[in-house]
Amino acid sequence: MIPLLGLVGGVLIGLLWGPDVPLGLQPYLPIAVIAALDAVFGAVRAVLDGIFNDKVFVVSFLANVVVAAFIVFLGDQLGVGSQLSTGVVVVLGVRIFSNVASIRRHLFKA
Amino acid sequence: MSPVSHRDSPPSPRPPGRRLDESMTLLTSMMERPLDPGYAAAAEERQRAGLPTSTGLRTPTVAVAALVIGLLLAMGAVALRAPSTSAARAKEDLVKQVESRRAAVDKQAVQLRTTRAQVDELQARALSQQGEAPLQTRLQTLNLASGADAVTGKGLKVVLDNAEGARGTSADGNPRTTPENTEGVVLSKDLQVVVNGLWEAGAEAISVNGQRLTSRSAIRFAGEAILVNYRPLAPPYTISAIGDPASLQVEFADNDGGAYARALKDNYGIRVSIDAADTLTLPAATSLTVRDATVPTASPTASPTASPSESPP
Chain A
1 MIPLLGLVGG VLIGLLWGPD VPLGLQPYLP IAVIAALDAV FGAVRAVLDG
51 IFNDKVFVVS FLANVVVAAF IVFLGDQLGV GSQLSTGVVV VLGVRIFSNV
101 ASIRRHLFKA
Chain P
1 MSPVSHRDSP PSPRPPGRRL DESMTLLTSM MERPLDPGYA AAAEERQRAG
51 LPTSTGLRTP TVAVAALVIG LLLAMGAVAL RAPSTSAARA KEDLVKQVES
101 RRAAVDKQAV QLRTTRAQVD ELQARALSQQ GEAPLQTRLQ TLNLASGADA
151 VTGKGLKVVL DNAEGARGTS ADGNPRTTPE NTEGVVLSKD LQVVVNGLWE
201 AGAEAISVNG QRLTSRSAIR FAGEAILVNY RPLAPPYTIS AIGDPASLQV
251 EFADNDGGAY ARALKDNYGI RVSIDAADTL TLPAATSLTV RDATVPTASP
301 TASPTASPSE SPP
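Residue numbers (this note's numbering), protein chains in the order written: chain A, 1 to 110; chain P, 1 to 313.
Mixed in with the good hints, there may be bad ones.
What the hints assert, rightly or not - Here are some chain P residues pointing at chain A (derived, C-beta under 10 Å): (1) Pro60; (2) Val62; (3) Leu67.
Claimed, not checked - Stretches of chain A that chain P covers, calculated by requiring three or more beta carbons in the stretch to come under 8 Å of a beta carbon on chain P: (4) 12-19; (5) 38-52; (6) 77-85.
What the hints assert, rightly or not - Computed beta-carbon distance windows for the label pairs: (7) A:Arg104 / P:Thr25: 21 to 29 Å; (8) P:Leu112 / A:Gly79: 54 to 62 Å; (9) A:Lys55 / P:Arg89: 40 to 48 Å; (10) P:Lys96 / A:Leu78: 58 to 66 Å.
Hints are computed from structural coordinates only; laboratory data are not their basis. The structure presented is a predicted model; accordingly, all values stated were derived computationally and were not measured. Every residue gets a Cβ at the ideal spot worked out from N, C-alpha and C, and that includes glycine.
Extracted from the complex, chain A is given alone in its bound form:
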């Protein structure tokens, strides 16, 4: 319940306050969003597995976002930004998919 409230609260703050993302950070936003989603689904699966740990959750979330942004930044510097972004999206996308699949198995037993 608390995480859901926090999520809704964050969304509301984001919508109402509407902070402007600095132009320099905008290329990293999509990647950061996907990394955050990956952390969230990983956490949901851990909860269902009964091994959730708040510290691991926060650290994995922050590390995901930072590493994903760093990879994109590195790719931009090397001139292969879009390719590396695609790589990050593929890896995180596969992880999200298999986490969601195991969440599904937990919830629907199917």
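Please arrange chain P on chain A, whose structure you already have, making use of the hints.
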């Protein structure tokens, strides 16, 4: 999920302990263990310390992290929904400027017409007081011919519109996003020929989309837009010509302008309609300036009056 080799080659002897899919460890680890191994490690440690494996969701850390993630998602949604690049923003600014300037011009045009009406009234009063009736009538005729006065009367309405499916003036002005059909577009030349045909047919006053034509008006092309009196117009182009509708129609059908309009309709699919109208109101031209003023020789005491040239273009 166990990886399956699709090759038919007989299994080659491999050293024991080597996995079949060793070359794909990256993929298998990604597919088989998507969960952060940190969770399992932390759970094991807590178990060893005698605590439950899960810390539960009711910790402040989780609440703060959820808040941050929600904020991130909302920011991402807001920032990425509209492609607000600097170019788009600059374009928006320019559009806003154009609109505000255009509104200012319209406002000033109204003001100009009011002031001109006052000037005309004062002029008429001054002339009638000094007993210059002939000069007054001449002035009225000249005003009418030069487009300085709004006129109302019977006339002919010619509407030109781009052919169906023609490119038209695209909203973004990008030639790459617009279809190739450029033949069915009304060009400035088409308007020029039709307007000249109407003058030739005996029109007394003409306006295009509310822009009164004077002897000093130009119908020009700027990029994709047609400019009349330096104001861009959008299709359909409505040409209102004051005059006797019947004779205008006959004369126009006979002369070059009419033939040109028919050719546009037949060959390029441009939609042309010519209708008689009972009441047409043409606004006064706003871009008139006095270029040449003389003191009438008949009465040296009279104030100088403007004498705009009255020859049709």
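Outcome of the hint check:
no., hint, verdict
1, Pro60, "9 Å, holds"
2, Val62, "5 Å, holds"
3, Leu67, "4 Å, holds"
4, 12-19, "holds (count 6)"
5, 38-52, "holds (count 10)"
6, 77-85, "violated (count 0)"
7, A:Arg104 / P:Thr25: 21 to 29 Å, "26 Å, holds"
8, P:Leu112 / A:Gly79: 54 to 62 Å, "58 Å, holds"
9, A:Lys55 / P:Arg89: 40 to 48 Å, "42 Å, holds"
10, P:Lys96 / A:Leu78: 58 to 66 Å, "39 Å, violated"
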